[in-house]
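Chains as they are written, first to last, in the working numbering: chain A, 1 to 505; chain B, 1 to 368.
It is possible that some hints are incorrect.
Unchecked claim - Covered stretches of chain B, as calculated for chain A (at least 3 residues, CB under 8 angstroms):
1. 81-88
2. 101-109
3. 143-150
4. 329-339
5. 353-367
The hints are simulated quantities; they were obtained by calculation from the structure and are not laboratory data. For every residue, glycine included, the Cβ atom is placed at its ideal position computed from N, Cα and C.
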Amino acid sequence: MAELASVDLSRLQFAITALYHFLFVPLTLGLSFIVAIMESIYVKTGSEQWLRITHFWLKLFGINFAIGVATGIIMEFEFGTNWANYSWFVGDIFGAPLAIEGLLAFFLEATFFAVMFFGWGKVSKGFHLLSSWLVAIGSNLSAMWILIANGWMQYPVGMSFNPETARMEMDSFLEVALNPVGIVKFLHTITSGYVIAALFVLGISAWYLLKKQHFEMAKKSMVVAASFGIISSGFLLLSGDESAYLVAKHQPMKLAAMEGLYRGEERQGLVAFGVLNPDKKPGDDEPVFLANIEVPYMLSLLAKRNINEFVPGIDQLVFGDKQRGIMSVGEKMLLGAQALDALREFKKAKSEGDTQAMSEAKSELETNWRYIGYGYLKNPAKAVPPVATTFYAFHIMVALGSLFVGLFFVVLYLAMANRIEKFKNILRACVACIPLGYVAAEAGWVVAEVGRQPWAVQDLLPVGVAATNLASTSVGVSIALFILLFTTLLIAEVRIMLSAIKKGF
Amino acid sequence: MDLQIYWWCVLSLLGGLFVFMLFVGGGQSLLFCVGWDETAKDLIINALGRKWELSFTTLVMFGGAAFAAFPLFYASYFGGAYWLWLAILFCFIVQAVSYEYRKKKSNFLGQRTYEAFLVINGTLGTFLIGVTLSALFGGAEFSLSEMRFVSWDSPWRGLELLASPSYWLLGLALIFLSRLGGAMYFINRIDEPNLVAKCASIIRKEAALFLLFFLGFMGVFFSANGYYLDATSGEILSRPYALALSLISLPVLGVCFVLGVVGVLASVWLGARASKVAIWAYGVGCVLVGFALLAAAGLGGAAFFASTSHPASSLHIYNASSSPYTLGVMAWVSLLVPFVLAYIAYVWRALEREQVSKAELESSEHKY
Numbered sequence: 001m002a003e004l005a006s007v008d009l010s011r012l013q014f015a016i017t018a019l020y021h022f023l024f025v026p027l028t029l030g031l032s033f034i035v036a037i038m039e040s041i042y043v044k045t046g047s048e049q050w051l052r053i054t055h056f057w058l059k060l061f062g063i064n065f066a067i068g069v070a071t072g073i074i075m076e077f078e079f080g081t082n083w084a085n086y087s088w089f090v091g092d093i094f095g096a097p098l099a100i101e102g103l104l105a106f107f108l109e110a111t112f113f114a115v116m117f118f119g120w121g122k123v124s125k126g127f128h129l130l131s132s133w134l135v136a137i138g139s140n141l142s143a144m145w146i147l148i149a150n151g152w153m154q155y156p157v158g159m160s161f162n163p164e165t166a167r168m169e170m171d172s173f174l175e176v177a178l179n180p181v182g183i184v185k186f187l188h189t190i191t192s193g194y195v196i197a198a199l200f201v202l203g204i205s206a207w208y209l210l211k212k213q214h215f216e217m218a219k220k221s222m223v224v225a226a227s228f229g230i231i232s233s234g235f236l237l238l239s240g241d242e243s244a245y246l247v248a249k250h251q252p253m254k255l256a257a258m259e260g261l262y263r264g265e266e267r268q269g270l271v272a273f274g275v276l277n278p279d280k281k282p283g284d285d286e287p288v289f290l291a292n293i294e295v296p297y298m299l300s301l302l303a304k305r306n307i308n309e310f311v312p313g314i315d316q317l318v319f320g321d322k323q324r325g326i327m328s329v330g331e332k333m334l335l336g337a338q339a340l341d342a343l344r345e346f347k348k349a350k351s352e353g354d355t356q357a358m359s360e361a362k363s364e365l366e367t368n369w370r371y372i373g374y375g376y377l378k379n380p381a382k383a384v385p386p387v388a389t390t391f392y393a394f395h396i397m398v399a400l401g402s403l404f405v406g407l408f409f410v411v412l413y414l415a416m417a418n419r420i421e422k423f424k425n426i427l428r429a430c431v432a433c434i435p436l437g438y439v440a441a442e443a444g445w446v447v448a449e450v451g452r453q454p455w456a457v458q459d460l461l462p463v464g465v466a467a468t469n470l471a472s473t474s475v476g477v478s479i480a481l482f483i484l485l486f487t488t489l490l491i492a493e494v495r496i497m498l499s500a501i502k503k504g505f
Numbered sequence: 001m002d003l004q005i006y007w008w009c010v011l012s013l014l015g016g017l018f019v020f021m022l023f024v025g026g027g028q029s030l031l032f033c034v035g036w037d038e039t040a041k042d043l044i045i046n047a048l049g050r051k052w053e054l055s056f057t058t059l060v061m062f063g064g065a066a067f068a069a070f071p072l073f074y075a076s077y078f079g080g081a082y083w084l085w086l087a088i089l090f091c092f093i094v095q096a097v098s099y100e101y102r103k104k105k106s107n108f109l110g111q112r113t114y115e116a117f118l119v120i121n122g123t124l125g126t127f128l129i130g131v132t133l134s135a136l137f138g139g140a141e142f143s144l145s146e147m148r149f150v151s152w153d154s155p156w157r158g159l160e161l162l163a164s165p166s167y168w169l170l171g172l173a174l175i176f177l178s179r180l181g182g183a184m185y186f187i188n189r190i191d192e193p194n195l196v197a198k199c200a201s202i203i204r205k206e207a208a209l210f211l212l213f214f215l216g217f218m219g220v221f222f223s224a225n226g227y228y229l230d231a232t233s234g235e236i237l238s239r240p241y242a243l244a245l246s247l248i249s250l251p252v253l254g255v256c257f258v259l260g261v262v263g264v265l266a267s268v269w270l271g272a273r274a275s276k277v278a279i280w281a282y283g284v285g286c287v288l289v290g291f292a293l294l295a296a297a298g299l300g301g302a303a304f305f306a307s308t309s310h311p312a313s314s315l316h317i318y319n320a321s322s323s324p325y326t327l328g329v330m331a332w333v334s335l336l337v338p339f340v341l342a343y344i345a346y347v348w349r350a351l352e353r354e355q356v357s358k359a360e361l362e363s364s365e366h367k368y
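The following block holds chain B by itself, in its conformation from the complex (with noise of 0.2 angstroms):
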C-alpha cells in the first residue's frame, strides 16, 4: 500500500474519530435545554468537563497529521480559508477555559458568560466545522503557484462559503448529530433519571432533523460533479457522481459507510429508549460513516480538495503529501498508537467505574 493511502486513512480515521467527538459540543448545546436548574448544569457539566480535552486534543490531532502528511493540503486549506478556520478557532477557544473557570470565584465574566462559550463552541463551532468539511467534498476557488504557493480567490477568505446553502446541510447535520450524541453521552454518564428522561425525548424528537440534512448532504454530494487525477494523462478530470462512485468502487468504504448509517440509526432507536448502549453504537457508527466519506473524498485516484476555479490546483494525495521518506518516518510512529488508545481506554475504565451524580460530585476532589 502506497503511504499516501496510508496517511489518507489515517487522516480519514482521526476525522471520524473527530466527529464522534463532536458530542461533546453537542452536550454543550444542550446546556440549557435539559439543565434546568443550577444541580442538572452541574452535572453535565462535569460529565463533559472530563472529555472535553480528548475532543480538543483531536482536533489538534487532526491539524497535525495533516501538517505533517499533507502539508499543501494544510497550507492551502488552513491559509486559504483563513476567515473560516479563525472563526472555528475562537470558538475553540472559549471552550477551553470554559469548563475550569465557569464556578471560579471571581472570574471576571460571570458563570452565564463561561455557559454561553459552552454553548457557542457546540452550535457555531460544530456548524463551522461542518462547513469547512463541506469543501472537501465541494470544493473551494483557489490557485496554486509554480512554487506551489496558494491564492484564494474571493477576499472573504472562507466566509464565502458560507453563502453556499449545499454546504450548510453538513454543518446542521453535524449539530444535530453532535446533540443527540450529547443526549446518548448524558444517559449513559448522568445518574439522574430526570435528566435521563429529557435526554431520551431530545433524542425522540432531534433524529429527524439529523435525518433531514444528513439526507440532503448526501442528495447533494453523491450526484454532484467530483474531480479526479487522470492516471494516464496526469491530468484532472471532472466526473459525475464523484463521490457515490468512490464509495462504490472501493467495497470496503462503501460497507463501511452503510454499517456506520447502520450504526448511528441503531444508536437512535436505543437513545430513544434510553438505553446506556446507545453512546457506544453511536460512536461505531459515526467513526465508520466519518472515515468512509473522508477515505473517499482521497482514495481512488479523487481530489479530495478540489480547486473549482482552477482544477489543475486540485490536490489530490500524491501532490499534497510529504515525501515518502517523512511519510515512512510517522508510519513508523503511528504504530504506537493503538498502545495509546489502549492506555486512554484503559485508564478510562478506571476512572468511570461510578456514574456522575450529585453525590459523586460532592464527594469529588475536583469539579467544575
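Extracted from the complex, chain A is given alone in its bound form (with noise of 0.2 angstroms):
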C-alpha cells in the first residue's frame, strides 16, 4: 500500500512539475516566432515604431523565458529521481533524443538568446534578426526531441528487449527519430504553443484598446496575433486530426477514454457533449452518459477515415471480442507472465551457465515481450485510464480550441477593416482568452499522459514498476516544497508580468 501511496505521489509530482512548466513552454515556443516576424517587419520597414514593438513584446518573452528554463531543469533530472527503473528500461532509447537535444538545440538556443538580448548594437541588423528567429527555431527543435522521446512512450517502435540487460534497446534510430506519433504530437504542441501566444499578444493588444492606450502599435500587434493565429490553428486543427487517427491505431484504450466509449459499434457517432454517468464501470450496464449529443458517424469518420468502420469500446478492449479478433487483457495478462517467467528463467539459467536452457527461455519471450507489461497488472481493470478525466479533458481541449479559431478570423477582419476598437465585447473575450489558452494546451496535457495510464511505456511497463523506490514520505515532502517554490515563482512572474504590460510599449 505504501508502495502504491509513493507511485501515486511520484505521478502527482511530474504531473505537477510538468504541468507548471508547461504553463510557460507554449508561450517561449510561439512568441519567439511572433517576435521573429516583428523584428523581420521593423528590419525591412525601418521603422522605429516596429522595434518599439519588438522591444515590449521581447522583454514579456524575456520574463517568461527565465521560469520556463527554471522549471525545465526539474524535468530532466526527475527521470533520474523519481522514475529511476524508467530511466533503466528506457535510457538506451530514451537517452538518445534527450542527448541531442541538449547538444545541439540547447547550447545553440542560450547562444541564440544571449544575441537576442545583448546583441543590439553590438551586432548587425541582419545578424540580431538571425539569431532572433534561431532562437524561435531552437526552441522549437529542443521540443521535437523531447516530443520524439514522449511520442516513443505512446508507441514504442524501432527497439527489442534484451534479456541480458533486462531493458529495451534501440534497433533503428531512424524509426524512434521517424515515429508518426511523435511527429505529430510535436506538430500538435508546438501548434497548440503557437496559438497560446496569439492569444496572449492579441488580449494584451485588446487590453490596451479598451484602455484606449497605445493605440497603433496595439492594433499592429493584433494584426500579427490574429494571422498567426489562423495559420497556426490551421495546422493545429489538422495535427489535432492526425493526432487522433494514430490513437485510434495504437491507442484504442486513450481514444475510448477521451470518447466515452464502452460499447463501441459499426459507424460509430461522436460524443461532442456530454455528462458522464459517475456510477459507470467497466462491463456492467449502467448507462454511460446522463446526458449527451452525439454526431453521428463521425467518431468512426475521424477515428478511422471510413464512416462504416469499427471504433472498439473500453469492454471490449478489456473483455475481448472474438468475433473482431481482439484479445482480452486478460489473455494480455497472461502472455506478459510469461513473459517475465521466460526472463527469469534466462537470468537463472544464465547464472547456472545452461546455454539450452538461456536459448529456450530466449526463445519463449521473443514470441511474447511485446505483452510484457501486462505481466505486472494485478487485474484487467487496471489497464483502463481515469476516463472521466480524459473524456472531460478532451472535450475541453476541443472547445476551446474551436473557439479560438473564430475569435481571431473575427479578430483579423475588424481590424484590418480598421473598426476593432468600436466592438469592446469582442476585446473583453480577447482578454479572457488568455488563461483560457493555458486551459486548452494543460488539458491537451491532461489527455495525451492521464489517457495513456497505468503505461509509463505503453503495453511495456506499467508506472507501478516504472517509479522509483521511495518512501511516500519523501515524496510528499518534495512535492511540497515544488509547490510552495514554483507557486511563489509564478506569484513573482505573473505580477512582474502585468507590471511590465502596465508600463506598455
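Got two chains here, separate frames each, mind docking them using the hints?
Right, dumping it as C-alpha cells:
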C-alpha cells in the first residue's frame, strides 16, 4: 500500500512539475516566432514603431523564458530521481533524443538567446534578426526531441527487448526519430504553443485598446497575432485530427476513454457534449452518460477514415471480442506473465551457465515480450485509464480550440477593417481567452498523459514498476516544496509580467 | 576505442567544463563581498548574467549525456541520492529566475531575496555538487536487483553523504575554486578599478583555502581503496590507491591532471596581480583537472560509482552503458559539438568587444 502511494505521489509530482513547466513553454515557443516576425518587419521597414513593438514583446518573452528554464531543469532530472527504473528500462532509447536536445538545441538556444537580448547595437541588424529566428527555431527543436521521446512512450518502435540487460534497446534510430506518433505530437504541441502566444499578444493588445492606450502599436500587434493564430490553428486542427487517428490505431483504450466509449460499434458517433455517469464501471449495464449530444458516424470517420468502420470501446478492449479479433486484457496478462517467467528463467540459466535453457527461455521471451508490461498488472480493470478525467479534458480542449479559431478570424477581419476598437465585447473576449489558452493546452497534456495510464511505456512498462523505490513521505515532502517554490515563482512572474504590461510599449 | 570509453571521456569533459563554469556561482557568492554599493552589484550581476545560462546548460548537458550514455548510472545516482539531487536542483531553480527578476518592478520577493538566491546557488549549490561528485571517488551504499533496479540503503536518500567529512573536502574546494574563478572573471570583464583591486585581493586571500581543501581531497581519495572490474573473473574487486594508480597507469590523464593543476596555480598567480588573462589559465586548468579526475574514476577498469555495501552492484562503464548501437548513433551526433562550440565562441567574441562598465550598462537595451 505504501509502495502504491509512493508511485501515485511520484506521478503527482511529475504531473505538477510538467503542468507548471507547460505554463511557460508554449508562450516561449510561439512568442519567439511572433517577436521574430515583428523584428523582420522592423528590419524591412526601418520603422521605429516596429522596433518598439519588438522590444516590448521581447521584454515579456524574457520574463517568461526565465521561469520556463527554471521549471525545465526539474523535468530532465526527475526522470532519474523519481523514475529510476524507467530510466534504466528505456534509457537506451529515450536518452538519445534527450542528449541530442541538450547537445545541439540547448547550447545553440542559449547562445542565440544572448544575441537576441544583449546584441542590440553590438552585432549587425541582419545578424540580430537571424539570431531571433534561430531562438525560435532552437526552442522548437528542443521541443521536437523531447516530444519524439514522449511519442516513443506512447507508441514504442525501433527497439527490441534484451534479456541480458533486462531493458529495451534501440534497433533503429530512424524509426524512433520518424515515429509518426512523435512527429504528430510535436506538430500538435508546438502549434498549440503558437495559438497560446497569439492569444497572449491578442489579449494584451485588446486590453490596451479597451484602455485607449498605445492604439497604433496594439492594433499592429493584433494583426500579426491574429494572422499567426489563424495559420497556427489550421496546423493545430490538422495535427489534432491526425493525432486522434494515430491514437485510434495505436492506443485504442485512450481513444475510448477520450470519448467515454464503452461498447463501440460500426458507424460510431462522436460525443460532442456529455455528462458522464459517475457510477459507470467497465462491463456493467449502467448507462454511460447522464446527458449527451452525439454526432452520428463521426467517430468512425475521424478514427478510421471511414464512416462504416468499427471503433472498439472499453468493454471490448478489456474483455475481448473474438468476433472482431480483439484480445482481452486477461489474455495479454497471461502472455505478459509468461514473458516475465521466461526472463527469470533466462537469468537463472545464465547464472548456472546452462546455454540450452538460456536459448529456450530467450525464444519464449521473443514470442511474448510485446506483452511484458501486462505481466505486472494485478487485474484487467487496471488497464483502463481514468475515464472521466480523460473525457472532460479532451472535450474542454476541443471546445476551446474551436472557440479560438473563430476569435482569430473575427479579430483579423475587424482589425483589417479598422473597426476593432468599436467592438468592446470582442476585445473583452480576447482578454478572457489568455487564461483559456493555457487551460486548453494543459487539458491537452492531461489527455495525452492520463489517457495512457497505467502505462509509462505503452504495453511494456506500467508506472507502478517504472517509479523509483522511494518512501511516500519523501515524495510527499518534495511535492509540497515544489508547489511552494513554483507557486511563489509563478506569482512573481505574473506580477512582473503585469507590471511590464501596465507600463506598455 | 570502445564507445563506452569515448562516452566516458565526453562525460568527463562535460564535467570538467562544468567545473570551469562554476565560476558563475563563485561570482554570485562574491556578490556581497565585492558589491559594496548598488552600482558595483549591478556590474557584477550583469557581467555574470550574460553567462549564467551557459553554466546551467552545461549541468543540463551533463545530466542528459549521463542519461543517454550511462542510463544505469543516471538511474542509480539520481534515483538513489534523491534528496541530495533535489537540494541541488532547488539551488539551480532559484538561480534561473534571479537574474531576470531581481530588479524588475513588482517582483514579489524583493531585490534582496533574489540576490540571496544567487548567493545560495553559488555556495550551497556548489558545495552540494562537490559532495555528490565525491561519491564517484568514494562510492555510496546501494544495490541493484536482478532487473537492475536500484535500492538505496540509507533512508536519508543521499543526505547521509553529508555526514561523511571526507566528502565535504571536494565541496569546500569547489566553493573556493569557483570564487577564485568568479574574481578572475570580474577582473577580465568589468571595467571598474576598485572592483578589480578587490577581486585581486580576494584571490590572494582565498587561494590558500582552496589549496588546503583540494590537497585534503587529494590526500584522502588518492590513498583510499577503490573498486575495479577484474577482466579475467568479471568480478568487482577492491584495490588500494585506486584513483592515484589510474592517473599513473593512464599517462595521458596523469599529464592532463598535472597540467591542469599548473594551470590553476598559474591563474592564481596571475589573478593576484589582476591580470585579465588569469581566467583563461583558470579555465584550461579546471577543464583539464576535472576531465582527468572524472576520466580516471571510470577508465582502466575502474568502477566509477562503487557500491561500498554491495560491491557486485558497482557501476563501471560497461555494465552501466547504453547499447553499442545507441552509443554509436550519439557518437555521430557528438561530431557536431566542435562546430557548436566554435559558433558559441564566435558569438561571444562579437558580443564582448566592450567590457562591462557603468556607461556600457546605461546604453544597454537589456540589463539585469
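Hints, one by one, checked against the model:
no., hint, result
1, 81-88, "holds (count 4)"
2, 101-109, "holds (count 7)"
3, 143-150, "holds (count 5)"
4, 329-339, "holds (count 6)"
5, 353-367, "holds (count 6)"
Consistency note: the structure conflicts with none of the earlier hints.
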